[in-house]
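K.L.:
Based on these hints, arrange chain B on the given structure of chain A.
There are 2 protein chains.
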Amino acid sequence: MSLLVVGSVALDSVETPFGKRDNVLGGSATYFSAAASLLTKVDVVGVVGEDFPHGQLDFLEARGVRLDGLERVPGRTFRWKGRYGFDLNAAETLDTQLNVFESFQPKLDEQARKAERIFLGNIDPELQMRVLEQAERPKLVCADTMNFWISGKRQALLKLLPRVDVLMVNDGEVRQLAGESNVLKAAHAAKRMGAKAVVVKRGEYGALLVDGEESFFAPAFPLADVIDPTGAGDTFAGGFLGLLDRLDASDPAALRQATVMGSTIASFTVEQFSLDRLRSLELSQVRKRFDAFRGLTHFEPLPDHVG
Amino acid sequence: MSLLVVGSVALDSVETPFGKRDNVLGGSATYFSAAASLLTKVDVVGVVGEDFPHGQLDFLEARGVRLDGLERVPGRTFRWKGRYGFDLNAAETLDTQLNVFESFQPKLDEQARKAERIFLGNIDPELQMRVLEQAERPKLVCADTMNFWISGKRQALLKLLPRVDVLMVNDGEVRQLAGESNVLKAAHAAKRMGAKAVVVKRGEYGALLVDGEESFFAPAFPLADVIDPTGAGDTFAGGFLGLLDRLDASDPAALRQATVMGSTIASFTVEQFSLDRLRSLELSQVRKRFDAFRGLTHFEPLPDHVG
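Quick note, the sequences are listed as chains A and B, same order.
Here this note's numbering is used: the first residue of the first sequence is 935, the next is one more, and so on.
Here this note's numbering is used: the first residue of the second sequence is 935, the next is one more, and so on.
FYI, nobody ran anything at the bench for these hints, they're computed from the structure.
We put the beta carbon where it would ideally sit given N, CA and C, even for glycine.
Warning: the hint list may mix true and false statements.
[Said to hold, decoys possible] Between beta-carbon pairs, the in silico distance windows are:
1. THR1027/A with ALA1226/B: 33 to 41 Å
2. GLY1229/B with LEU1092/A: 26 to 34 Å
3. GLU1234/B with ASP956/A: 21 to 29 Å
4. GLU1044/A with PRO951/B: 51 to 59 Å
5. ARG1228/B with LEU1092/A: 45 to 53 Å
6. LEU1028/A with GLY1229/B: 39 to 47 Å
7. ARG997/B with LYS954/A: 36 to 44 Å
[To be verified] The list that follows gives simulated cross-link-like pairs (lysine to any residue, SDA-like), each with its CA atoms no further than 20 Å apart:
8. LYS975/A with GLY1241/B
9. LYS1119/A with ALA1226/B
10. LYS1119/B with PRO951/A
11. LYS954/B with GLY1241/B
12. LYS1119/A with LEU1157/B
13. LYS1222/A with VAL1240/B
14. LYS1119/B with PHE1020/A
15. LYS954/A with THR1027/A
16. LYS1119/B with ASP1159/A
17. LYS1119/A with ILE1084/A
18. LYS1119/A with LYS1119/B
19. LYS1119/A with GLY1229/B
20. LYS1222/B with TRP1014/A
21. LYS975/A with LEU1157/B
22. LYS1048/A with LEU1066/A
23. LYS1130/B with ARG1071/B
24. LYS954/A with ASN1023/A
25. LYS1130/A with GLY1086/A
26. LYS1048/A with ARG1064/A
27. LYS1119/A with GLU1234/B
28. LYS954/B with LYS1048/B
29. LYS1222/A with HIS1239/B
30. LYS1222/A with PRO1235/B
31. LYS975/A with ALA1090/B
32. LYS1222/A with GLU1234/B
33. LYS1222/A with GLY1241/A
34. LYS954/A with LYS1048/A
35. LYS1222/A with GLY1241/B
36. LYS1119/B with PHE952/A
37. LYS1125/B with ALA1090/B
38. LYS975/A with HIS1239/B
39. LYS975/A with VAL1240/B
40. LYS1048/B with ARG1071/B
Chain A extracted, bound-state conformation (with noise of 0.2 Å):
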């Protein structure tokens, strides 16, 4: 078992109907550590500045989320400005500074190199490769992307699509990387360019796994309270790869129970601001939201008598 994740360290400024928070703890890889780790041991790859408030990351090392590969170099962290209106699907970014991201190049030490699963965060596809390039063995690799990367590295996404064997976006980004608008047709193109399955999250509506001919549907839980929905997606991936190293399994019924973990674990994060729900979230609050999955969703059969 050995999970690795490259990725965003951050500082988020976050605007809500339910509160404001500024200068909170944020980033992917940060929100992946956090919800992977009740499950698995983490690797972090990442960069921060000088400012940033290394105590912040304590609950992540107490539940074994190894930050040996967490850079501190001169400069201000990454941060991030958002708002989210009573619509809590869609962020408006109200400012992006990368800082000392701008020039991050991750480098994976000899533990690192070894890892089982890698998740590569939201980065330049041209970085993603080059984690995969130091990377030995692994036998499965995820992938998250965006708007920004799909338009402007389409080719190095191209690239790197064939090494990657899950690609975890949203509904848009799926649509426009496929050029198409029907989710079901994109998820199969992407399929097409080489990934080997594609999960579509959908926000409030859930996460479609499309998995060779097959296609899983988990909703979201559905919550009274969403508080804030940043690092969702996030930890989404996060309970979904760290179940599956968990597991040390990839099987059409495993990338199942993978995807109902991270819509369980990411419907944890939304209910509160930061990953303030996440550092006291402990692993039998997640099983039994799990076990809940199952309650939502069961049905019985049709008696035969009907059709």
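P.N.:
Frame of chain A; chain B shown alone:
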């Protein structure tokens, strides 16, 4: 087994990214009965004008739909004209001509009064109430409504809700009714207004059933070809009530099966324009897709060592 629908029979002109149809068969009672008649006997109460091409309904009569309650009166039939963009979830209404529907007064004959289950299509809540006043002893009443009535006839709607077993609306409608942006909270608020259960239709994202404290989620069947979403909601209702009537049940397990049946039949509706797909649809095909829904949402429990 007996199921009554009261609603519109219309001529629609529809444009989607995949084509255009003028003056084709439409209307809530039409879509509903085409779906429900695959499962049970349906009685229609509605009104058309002298211009209505009655032969269009022959396929419904062939399936045992009783049209004795479909009045034919002087004037023109209700017409709706709409357009869908690439986001097939949202129709833009270009023109609505109520015509004979404007002075529609639903009249139930002796047989219709004895209906065990009633679907109140999206009409003035005062008319919906008049239907219930004529009904003798329905086992189950399901009602649709829309933004126009929620704001314009709120008192009449609030008076109706305590007589409704299943309120069936889309997410925008339940949010508006409850004045609450969270869909789950809004559904519970609608229950406190009197509806015993609430089904929230979410277009391509599926449907949520809130019944007691429990929730159930049925995804929309992922389709590669969605041609025209018109009528999806009414065929959802037709599948839902058609199955409950066929099973003569409304326990929680039956409500879940009915929700999946609604999603199943709606998924056929959108594959062609107007009622074209429903004309040729057979129950054996419906059953096959219902079973495939189980494959779409099934996942194994977590092994004991996780959690």
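K.L.:
Each of the hints needs a verdict: does it hold here or not?
P.N.:
How the hints compare with the structure:
At about 39 Å, the CB distance of THR1027/A to ALA1226/B agrees with the hint of 33 to 41 Å. The hinted range of 26 to 34 Å is satisfied by GLY1229/B and LEU1092/A, whose Cβ atoms lie roughly 31 Å apart. Against the hinted window of 21 to 29 Å, the Cβ-Cβ separation of GLU1234/B and ASP956/A comes to about 43 Å, which falls outside the hint. Evaluation of the 51 to 59 Å hint for GLU1044/A and PRO951/B yields a pass: the beta carbon distance comes to about 53 Å.
Between ARG1228/B and LEU1092/A the CB atoms are about 36 Å apart, so this pair departs from the stated range of 45 to 53 Å. As the Cβ distance of LEU1028/A to GLY1229/B is approximately 43 Å, the hint placing it in 39 to 47 Å holds. Look at ARG997/B against LYS954/A: about 58 Å separates their beta carbons, and that is not inside 36 to 44 Å. For the proposed pair LYS975/A and GLY1241/B, the alpha carbon gap of about 15 Å is at most 20 Å, so the pair holds.
Annotation: proposed proximity of LYS1119/A to ALA1226/B holds, straight-line Cα distance about 18 Å (limit 20 Å). With a CA separation close to 16 Å, the supplied pair LYS1119/B and PRO951/A stays within the 20 Å bound. Restraint check for LYS954/B and GLY1241/B: not satisfied, since their Cα atoms lie roughly 54 Å apart, outside the 20 Å limit. In summary, the hint linking LYS1119/A to LEU1157/B is supported, as the alpha carbons are separated by about 8 Å, within the 20 Å threshold.
For the hint pairing LYS1222/A with VAL1240/B, the CA-to-CA distance comes to about 11 Å; that is within 20 Å, so the pair holds. Simply put, LYS1119/B and PHE1020/A have alpha-carbon atoms about 14 Å apart, close enough for the 20 Å limit, and the pair holds. This hinted pair checks out: LYS954/A and THR1027/A have alpha carbons roughly 14 Å apart, not beyond 20 Å. A distance of roughly 9 Å separates the Cα atoms of LYS1119/B and ASP1159/A; the hinted pair therefore holds under the 20 Å criterion.
This hinted pair checks out: LYS1119/A and ILE1084/A have alpha carbons roughly 17 Å apart, not beyond 20 Å. Annotation: proposed proximity of LYS1119/A to LYS1119/B is violated, straight-line Cα distance about 34 Å (limit 20 Å). Restraint check for LYS1119/A and GLY1229/B: the C-alpha separation of about 19 Å stays at or below 20 Å, so the hint holds. This hinted pair does not check out: LYS1222/B and TRP1014/A have alpha carbons roughly 48 Å apart, beyond 20 Å.
A C-alpha spacing of about 38 Å is found between LYS975/A and LEU1157/B, which places the hinted pair above 20 Å, so the restraint is violated. Taking the CA atoms of LYS1048/A and LEU1066/A, the gap is near 11 Å; set against the 20 Å cutoff, the hint holds. At roughly 17 Å between alpha-carbon atoms, LYS1130/B and ARG1071/B fall within 20 Å of each other, so this suggested pair holds. About 17 Å separates the Cα atoms of LYS954/A and ASN1023/A, which keeps this hinted pair within 20 Å; it holds.
A threshold of 20 Å between alpha carbons decides the hint, and for LYS1130/A with GLY1086/A the separation of about 23 Å lies outside it, so the pair is violated. For the hint pairing LYS1048/A with ARG1064/A, the CA-to-CA distance comes to about 15 Å; that is within 20 Å, so the pair holds. Distance hint between LYS1119/A and GLU1234/B is unfulfilled; the C-alpha atoms sit about 27 Å from each other, more than 20 Å. For the hint pairing LYS954/B with LYS1048/B, the CA-to-CA distance comes to about 40 Å; that exceeds 20 Å, so the pair is violated.
For the hint linking LYS1222/A to HIS1239/B, the alpha-carbon distance of about 14 Å falls within 20 Å, and the restraint holds. This hinted pair checks out: LYS1222/A and PRO1235/B have alpha carbons roughly 11 Å apart, not beyond 20 Å. Between LYS975/A and ALA1090/B the CA atoms are separated by roughly 59 Å; this puts the pair beyond 20 Å, and the hint is violated. At roughly 14 Å between alpha-carbon atoms, LYS1222/A and GLU1234/B fall within 20 Å of each other, so this suggested pair holds.
Pair hint LYS1222/A plus GLY1241/A does not hold up; C-alpha atoms about 36 Å apart against a cutoff of 20 Å. A hinted pair counts as satisfied when its Cα atoms are at most 20 Å apart, and LYS954/A with LYS1048/A does not qualify at roughly 40 Å. At most 20 Å may separate the alpha-carbon atoms for a hinted pair to count; LYS1222/A and GLY1241/B meet this at roughly 9 Å. Between LYS1119/B and PHE952/A, the direct Cα distance comes to roughly 15 Å. Compliance with the 20 Å bound is thereby established for this hinted pair.
Taking the CA atoms of LYS1125/B and ALA1090/B, the gap is about 16 Å. The hint holds against a cut of 20 Å. With a C-alpha separation of about 16 Å, the suggested pairing of LYS975/A with HIS1239/B holds against the 20 Å cut-off. Taking the CA atoms of LYS975/A and VAL1240/B, the gap is near 14 Å; set against the 20 Å cutoff, the hint holds. A hinted pair counts as satisfied when its Cα atoms are at most 20 Å apart, and LYS1048/B with ARG1071/B qualifies at roughly 7 Å.
Checked against the numbered hints above, the structure breaks hints 3, 5, 7, 11, 18, 20, 21, 25, 27, 28, 31, 33, 34 and satisfies the rest.
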